[in-house]
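Enquirer: Here the sequence shown stands for residues 6 to 222, numbered as in the numbering used here.
You may find that some hints are simply not true.
Claimed, not checked - The list that follows gives simulated cross-link-like pairs (lysine to any residue, SDA-like), each with its CA atoms no further than 25 Å apart: (1) K26 / P98; (2) K26 / M60; (3) K26 / S134.
To be verified - Have a look at the derived ranges for each label pair, beta carbon to beta carbon: (4) R210 / D131: 24 to 34 Å; (5) G69 / D22: 20 to 30 Å; (6) D22 / G196: 20 to 30 Å; (7) R203 / G125: 32 to 42 Å; (8) P24 / K126: 20 to 30 Å; (9) A191 / I102: 37 to 47 Å; (10) R68 / A21: 14 to 24 Å.
The hints are simulated quantities; they were obtained by calculation from the structure and are not laboratory data.
Since we're looking at a predicted model, the values are computed, not measured.
Positions of the beta carbon are idealized from the N, C-alpha and C atoms, including for glycine.
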Amino acid sequence: MHSGTTGRWTPVALSADLPAKTVMPARIGAETIAIWRSASGQAAASADRCPHRGMRLSHGFVRGEALSCIYHGWRYAKAGNCLSIPAHPGLTPPEAIRVATFPVIEQDGLVWVGKDTSEGKPTKLDGLSPLRSLTAAATIGAIETAAGSSADADGLLKPADALGGLCLLLSDLSDGQTLMHVLLAAESTPGERIAASRFAEALRRRAETAAMEGAQS
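Construct all of the structure, not just a fragment, from the sequences and the given hints.
Expert: Pasting the structure below:
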């Protein structure tokens, strides 16, 4: 996940930020996708575009085990096939009507999305727990400079002056932006969590300032 790639699996969101029966936009590099959780708690990911009129599915709604487009209510299963078309209630939608889907793994409190069906698992975050996610208007390189340290091959970065066991899990959004997942030791105290959140915000500001100054020079 370091530098120009997020690798086979991309950490797109915290599991806690995706309650049952909700949908939200996420990014895999430059591509916007829709991630959603069914009523039974299963996470899914699809292309963020309804095949009917191109409306963003991340603007839609979840009912039961299906994702519905907000425009005309076309309903899609986790597998991507169209389940129903409200304007034609007696019609069984053809198999050709479907939305592209992506593999999803929930692990260590994060929702990971893959780009293909090859084998492999997301990197393990042994002993670390996600605190929050931030989007920085800065590249991974600018964040590394601000942090005074480098991310490893899995995108994990330990800032030089970090408090306690704070780490960042970085995901390149391919447009000069980076998604930062703030990680802490699972047994951290409320005070440590507040301090870590403030530290991450300050680091983001330093990286964004450096990126802006670099663009203007």
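Enquirer: Does 14 to 24 Å hold as the CB distance between R68 and A21, or does it fail?
Expert: holds (22 Å)
Enquirer: With the threshold set at 25 Å, check whether the alpha-carbon distance from K26 to P98 stays at or below it.
Expert: holds (23 Å)
Enquirer: Is the hinted pair K26 and S134 satisfied, with a Cα-Cα distance of at most 25 Å?
Expert: Holds - the C-alpha atoms of S134 and K26 are around 24 Å apart, at most 25 Å.
Enquirer: Just tell me: holds or violated, for the beta carbon distance of R203 and G125 against 32 to 42 Å?
Expert: Holds - the Cβ-Cβ distance for R203 and G125, about 35 Å, lies within 32 to 42 Å.
Enquirer: Starting from K26, check that the Cα of M60 is at most 25 Å away, please.
Expert: Holds: K26 and M60 sit about 19 Å apart, inside 25 Å.
Enquirer: Cβ-Cβ distance between D22 and G196: within 20 to 30 Å?
Expert: holds (23 Å)
Enquirer: Just to be sure I understand the hint, the distance between the Cβ atoms of P24 and K126 should be within 20 to 30 Å; is that true here?
Expert: Holds, at about 25 Å.
Enquirer: Falls inside 24 to 34 Å, the C-beta gap from R210 to D131?
Expert: holds (29 Å)
Enquirer: Given the hint of 20 to 30 Å, check if G69 and D22 actually sit that far apart at their C-beta atoms.
Expert: About 21 Å separates the Cβ atoms of G69 and D22, which means 20 to 30 Å holds.
Enquirer: Between the beta carbons of A191 and I102, is the distance compatible with 37 to 47 Å?
Expert: At roughly 44 Å between Cβ atoms, I102 and A191 fall inside 37 to 47 Å, so the hint holds.
The structure fails none of the hints (numbered hints given earlier).
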